[in-house]
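**Student:** Read top to bottom, the protein sequences are chains A and B. Residues in the first sequence are numbered consecutively from 1, following the working numbering. Residues in the second sequence are numbered consecutively from 1001, following the working numbering.
Check each hint, because a few of them may be wrong.
Under the rule of at most 25 Å between Cα atoms (straight-line distance), these lysine to aspartate or glutamate pairs were calculated in the DMTMM-like manner [to be verified]:
1. B/K1056 - A/E216
2. B/K1059 - A/D108
3. B/K1041 - A/E167
4. B/K1056 - A/E113
5. B/K1059 - A/D274
6. B/K1056 - A/D108
7. B/K1041 - A/D274
8. B/K1056 - A/D161
9. B/K1079 - B/E1062
10. B/K1059 - A/E194
11. B/K1041 - A/E113
12. B/K1041 - A/E194
13. B/K1059 - A/E117
14. B/K1041 - A/E149
15. B/K1041 - A/D257
16. B/K1059 - A/D180
17. B/K1056 - A/E213
18. B/K1056 - A/E268
19. B/K1056 - A/E149
20. B/K1079 - A/D108
21. B/K1041 - A/E213
22. B/K1056 - A/D180
23. B/K1059 - A/E215
24. B/K1059 - A/E216
25. B/K1056 - A/E117
26. B/K1102 - A/D274
27. B/K1041 - A/E215
28. B/K1041 - A/E117
29. B/K1041 - A/E268
30. B/K1102 - A/E216
31. A/K129 - A/D161
Since the hints were made in silico from the structure, they are not lab data.
What follows is each chain in one-letter form.
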Amino acid sequence: MTAVLEASGLGKRYGRRWALAECTLAIPPGHVVGLVGPNGAGKTTLLQLAVGLLVPTSGTIEVLGARPAESSAQLGRVGYVAQEAPTYAGLSVADHLHFGAWLNPGWDNHMAEHRIEQLGLDPNQRARKLSGGQRAQLALTLAIAKRPELLILDEPVASLDPLARREFLRDLMQAVAEHDLSVVLSSHLVADLERVCDYLIVLCASRVQVTGEVEELLATHHRLTGARRDPSTLPAGQEVVEASHTDVQSTLLVRSDTPILDPSWDVEQVSMEDLVLAYMSQANNAERGRQSSLSALR
Amino acid sequence: MIEFHLDTRSGVSPYLQVVHQVRQALRLGFLREGDQLPTVKDVVARLAINPNTVLKAYKELEHAGLVAARPGIGTFVTKTFSDPSLAAHGPLRQDLRRWLAKARRAGLDDESIEALFRDSFRSASSEGVA
């Protein structure tokens, strides 16, 4: 099966700063992929590379087996909603649909109109008069009605209130159920992703920290608490992601493909949020380490 | 028909929560042979979760022989649980109550009781005697 998104050594540099570096990924089809990381981590850069709005400085990226935006056919296979769900303020809802129909050969007008009706939007309403949630829903409608194989959404719910957020994600999941879509959506809030994503990419400090199926990630990460102990004494195959110590106790977040059997540890499951935060703080520490060693060289 | 709910704080994956809730409903007699499970679309609409999660849970239940999918119609329960250990619950509960009373007399509070139970349960399981 062709990966929906495949990157190898992918990087994008602005001046001297790498917004994305050494990104290597292969995401299998049929997933709802959460791209999570703090603001400024490189999420938007990765998504814009995937839709062809940016050209890589290094490495390669393929989407659905082809170079992003290489042909109009390729453009038709990918739906994209940029941050803040941009719409044309002066155009009505109906105008947006006409526009969509005119620009997209595979346009499903029946579905678009049906969705607008279900959302209770007035077709004659101008986009500037819509609420944030309605605008996001309109943008989602346009992206789904072109019947893409892959839908890419950049922070789709960041500016929505909790109810609009829930409704947006629910409608997105219904579209996934009905149309066999793969989805990549970014967020800086893990809570948004917990219910909907079955695949995770954690991006931090311009680098991919961890990636994989959520189920598998949760099953292979454990929180260990026990008497204070040097993490380097752990058996091979147990990789420490995060460690903190008091004078008597150690708390570790460990990645291990095999169960932790050492009875001196109290082993707990981790949540998606714990896991993401652990990788983020690991990335921050590594970044600080890099910077201090750089300044030491100077 | 049962309804699913999701506890995102529990650390248990959504798909396992769905599996547990079906098993629980079977065990408690809320679901019987021939009953229909909510359709994937219904669950998605209610919980705003990934349809793959629901499909995966239903597949696992199917694999366990508890439900069967009828294409285009839905997923149906194929087995009524009759738990043969049910009869033992009463006496076991009584033993447990007696033990709890004893623990309280010894001065243990709720937390200590829970901790002690969990710890004993874990060590017993790991010795394979549970």
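**Student:** Does each hint fit the structure? Answer for all of them.
**Tutor:** To see whether the hints hold, each was checked on the structure:
no. : hint              : verdict
1   : B/K1056 - A/E216  : holds, 13 Å
2   : B/K1059 - A/D108  : violated, 31 Å
3   : B/K1041 - A/E167  : holds, 14 Å
4   : B/K1056 - A/E113  : violated, 32 Å
5   : B/K1059 - A/D274  : violated, 28 Å
6   : B/K1056 - A/D108  : violated, 29 Å
7   : B/K1041 - A/D274  : violated, 30 Å
8   : B/K1056 - A/D161  : violated, 30 Å
9   : B/K1079 - B/E1062 : holds, 11 Å
10  : B/K1059 - A/E194  : holds, 21 Å
11  : B/K1041 - A/E113  : holds, 20 Å
12  : B/K1041 - A/E194  : holds, 19 Å
13  : B/K1059 - A/E117  : violated, 34 Å
14  : B/K1041 - A/E149  : holds, 19 Å
15  : B/K1041 - A/D257  : violated, 34 Å
16  : B/K1059 - A/D180  : holds, 18 Å
17  : B/K1056 - A/E213  : holds, 13 Å
18  : B/K1056 - A/E268  : holds, 24 Å
19  : B/K1056 - A/E149  : holds, 21 Å
20  : B/K1079 - A/D108  : violated, 42 Å
21  : B/K1041 - A/E213  : holds, 22 Å
22  : B/K1056 - A/D180  : holds, 15 Å
23  : B/K1059 - A/E215  : holds, 15 Å
24  : B/K1059 - A/E216  : holds, 17 Å
25  : B/K1056 - A/E117  : violated, 32 Å
26  : B/K1102 - A/D274  : violated, 38 Å
27  : B/K1041 - A/E215  : holds, 21 Å
28  : B/K1041 - A/E117  : holds, 19 Å
29  : B/K1041 - A/E268  : violated, 33 Å
30  : B/K1102 - A/E216  : violated, 43 Å
31  : A/K129 - A/D161   : holds, 17 Å
Checked against the numbered hints given earlier, this structure breaks hints 2, 4, 5, 6, 7, 8, 13, 15, 20, 25, 26, 29 and 30; the rest are met.
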